[in-house]
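Keeping their order, the protein sequence lines are chains A and B. Heads up: the first sequence at position 191 corresponds to 191 in UniProt numbering, and the numbers run straight through without jumps. Heads up: the second sequence at position 147 corresponds to 147 in UniProt numbering, and the numbers run straight through without jumps.
These aren't lab readings, by the way, just hints derived from the structure by calculation. A portion of the hints provided could be inaccurate.
Said to hold, decoys possible - Listed next, the in silico DSBU-like pairs over lysine-lysine satisfying Cα-Cα at most 30 Å (straight line):
1) B:K67 / B:K110
2) B:K301 / B:K284
3) B:K131 / B:K119
4) B:K301 / A:K74
5) B:K67 / B:K494
6) A:K74 / B:K207
7) A:K79 / B:K207
8) B:K301 / B:K3
9) B:K529 / B:K517
10) B:K131 / B:K487
11) A:K20 / B:K494
12) A:K74 / A:K20
13) B:K92 / B:K44
14) B:K487 / B:K529
15) B:K284 / A:K20
16) B:K529 / A:K79
17) B:K593 / B:K517
18) B:K529 / B:K494
19) B:K511 / B:K487
20) B:K207 / B:K124
21) B:K119 / B:K207
22) B:K44 / A:K74
23) B:K494 / B:K517
24) B:K3 / A:K79
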Amino acid sequence: MDAVIRIEQLTRTYATDGQKVTALAGVDAAFARGTFTAVMGPSGSGKSTLLQTAAGLDRPSSGRVWIGDTELSKLNETKLTELRRDRIGFVFQAFNLIGALTVEENILLPGRLSGLLPDPRWVSEVVERVGLTQRLQHRPAQLSGGQQQRVAIARALAVRPEVIFADEPTGALDTTSAGEVLSLLRSAVTDYRQTVVMVTHDPVAASYADRVLVLADGRIVHDTPQPGADRIAEMLASLGRRLVAVEG
Amino acid sequence: MLKLSIRLLRARLGTSVATLVALAAGVMILMTLSVFIVSAAVYKPDPGRYAAVDVVVAHRQVEIVTKEFDGETSVTTAALPEGTVPADLGDKLRALPGVTEVQVFPGPAKDRVAAFGVKGDAVKAVERLAKENGVEAYAGDDRGFADRSEAGDARSFLMEAGSAFGGYVVLLIIFVVTGTVGLAVRHRRRDLALLRAIAATPRQVRKLVMAENAVLALAASVVGVPAALLATTWVHDQLVSRGFVPEGFPITGQPLAAGIAVVLILLVAVVAARIAARRVSRIKPAEALGDIAVEPSRGGKVRFVSGVLTLGAGGAATVFALGATGMAAQASAIGLLYLYVIAVALLAPWINALAARVLGPVLRTTWGVSGGLAVANLRANARGSAAVLTALVLAVGFGGSVWFLQNNLQRQTVTQSQDGMKTDYALVGSMPAGTAEKIRRTPGVEAATGVRNTSVVVPIFDGGEAATAKAVDTDGLSSTMDLGVDKGSLDQLKGNSVAVSQLRADSSGWKLGDGAKIWLPDGRQVTLKVVAIYDRGLGFADVLLPRDLVAGPDDQVLVRGTAVRIPGATLVPASELTGQLSRDLALSAWLNKLLIGVMVGYAALAAGNTMVMAALARKRELAVLQLAGVTRRQVRRMVTAEQVGLLGGALTIGALIAAVTLTAVVNALTGSLLPYVPPMGWVVVLGGATVLALVTTILPVRRLLRVPAVHNAGIKE
Ligand SMILES: Nc1ncnc2c1ncn2[C@@H]1O[C@H](COP(=O)(O)OP(=O)(O)OP(=O)(O)O)[C@@H](O)[C@H]1O
Ligand SMILES: [Mg+2]
């Protein structure tokens, strides 16, 4: 398999005030080029942590991450940033934008920082598809939460990265805008062979993906090819029952 | 990067303005100070009576060469009030090839002349010869320095003030700018972390922060330089009207001074930004994604240990300052204040946490729920408010110590002079050396003492310095002045002997019976036997010499008994003598007070600034609190309670530092262990700090609260 991302025995623990919280407890996974994966699981199961460590935003406590042939733990902060800038786009769960900059400047920021401005035609296409053409000169504070989220997605798509990580990109969107965003991600995969890894709680959103990973307590508990929205909902529900059973 | 930084700056006007104000005030102070130092440094007095000669050989200063530990030599110079040149140098000068004429400017004695004026083309040779004979040659523009003049005195006075305070001013500015910039960058942690997460390398973040502060420093110069020009004019007018500098004393070098100030501020701002950015650029990008960018509430071990070590150094310096006296103690005690403030800056997180714990119950009882919230905030934000605590402590410590030093000095001087003056009146004016002798024979006169006020150069540990001196005629001295002799007796002050004050004896390392090596006012180096050590050095003089060691007329005759009139001399009653003394002191204190006032003011400005900045940075947090159901009134009460908690710590520590420093210096300078503080002094310092702390926090918070909370709870910070 032509894996763009490979993670091996990934663990991440947080130590706060002497208490140890295990966010990831040994995760192995590989993501092939041109695939769309949905990561699901209960709140606090480690989804955001998985995405952040895989994207080199956070360093794992142990285990390794490869992007292509590059192993991330070998890179220093600068090299890591450069790799992220060139090959990875990231849409965060919240607080994505620099308040001082306009929508357009926010979208072009990674290019400006790397000195490689993206193709303007592609940028305007992306902007159009997220429905922000009229909003380019606005400040983030003047946009709704969903609109802000779409700016962040446009920013991630603008540089045409090999891999796009998106942490609940549709969490704040209505069904129509969510559909727009999801088909945008889908076409990035189908048309441009980009790789998308997306965290979501919504079975419908997950049904756009080729594969569904389910996390619980920092471990992968399900890894299946697209099973359809209904089956996903069932899986999550059974997981909820199982957790209740374990706790009870 | 520059464009981006300007955009980011504009979006955060509040904090940018705070940094801008600190920087602009820094530019203004530095440039004004530099203008006077530069003016003094480039000033050339009028050659006056030497206009017609090419080189003047005179003796205006003593050069003392000392070997340092590392084998290097250092040279210190001390001015001579009435230096003279050996008369036999004239023949040697005439013998030099190229010398066409040597004019003699007569001095007070036969074998010593005031100066030689040399004509001819032999500057180098004259310089060499002068040097070999321990005197100096002044050629060209420098000829004016060969005579003591009002303008020349003004020059050395400005240079002295500059070198005494310049270093401390620069240090203070470095301190304030570092604190303000550090706080501004800390408040932008979230923004910068997000930049890191999006795609900025640590280097780019550092560059961005540095560029921002460089822009701010340049903008500050645009305000600071014109302000400095105004300040310079004002200070100059004041100096002239108070008679410190003559009317015609040129104020020059503004471009150079502006350059110095701007470059220095730019440097300090950028370096401070670099240090602050280092911390920020190291945080992991993922940290940016949390709701609030969490930061550890305490500092690291290194910080704690450095803080404790600095505190220890401060303690040691205090003991040294309290144990020692004289100049060494004075210098170490002012450095002491800085040491303590640095220790406070380092230990601030722990101090804040401790203050929160100690004052917690009080705040909770007084302010109820709001007090409880305040305590939680104080504890959680112990590190964030380090800059605020430090700025407050600095202002209180400075205002409470250095400001009162001058009062203590003045008071001691006047008291000593009053207590020691046993004469009925004094005749003031230039009178030939034998005048006192004649007055003494007048019926009804019990005693008369002729005095010539001058100065000598005495050794201190690393060179030499000028010390005030009186040459007195000792006959009946104990009836006219009581110097508070501690050891020895003034009766033996005859021939090659000297009496010195206790402080002077300590700093020069002399004991009773020692041979004291000093330079007399005319520049001769002699060894004099210390025959007495007395207490009232401040009120009279550091050094008392037998009258015949110093040539020239008396300028005062102290008389006990009937009033005697002498043509050309004014009769001044003893009561007015001390009054005059305190007026003179108040005059010379003016510049000190101005400089110290500026420093205290700058420290207070920094404190206010820091607090406004900290208050504005809480926009989001306060909005979230309101959304959670806390009323505006409760938010205001919470903020007040927090300020009271912070103030409690700051005032206690600031007052403690001020008290220790003041006691140490006052003891060193006056020998008194109990410093004098004007009755309203502490009220003004502590009250001022309290008002400042409350106003600079509560007003900005009120403004924040006027905006509906939902607008501030969003992503903007
Ligand atoms: N900075 C941190 N310090 C301490 N613990 C943390 C930190 N970040 C995350 N955690 C903990 O790690 C665990 C996993 O967090 P993570 O954010 O990955 O969950 P998630 O699956 O994304 O949840 P959600 O669906 O709510 O976003 C949680 O228990 C969380 O409390
Ligand atoms: Mg998450």
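For each hint given before, does the structure comply? Return the numbers of the non-compliant ones in rising order.
Those not satisfied are hints 1, 5, 8, 10, 11, 16, 17, 20, 21, 22.
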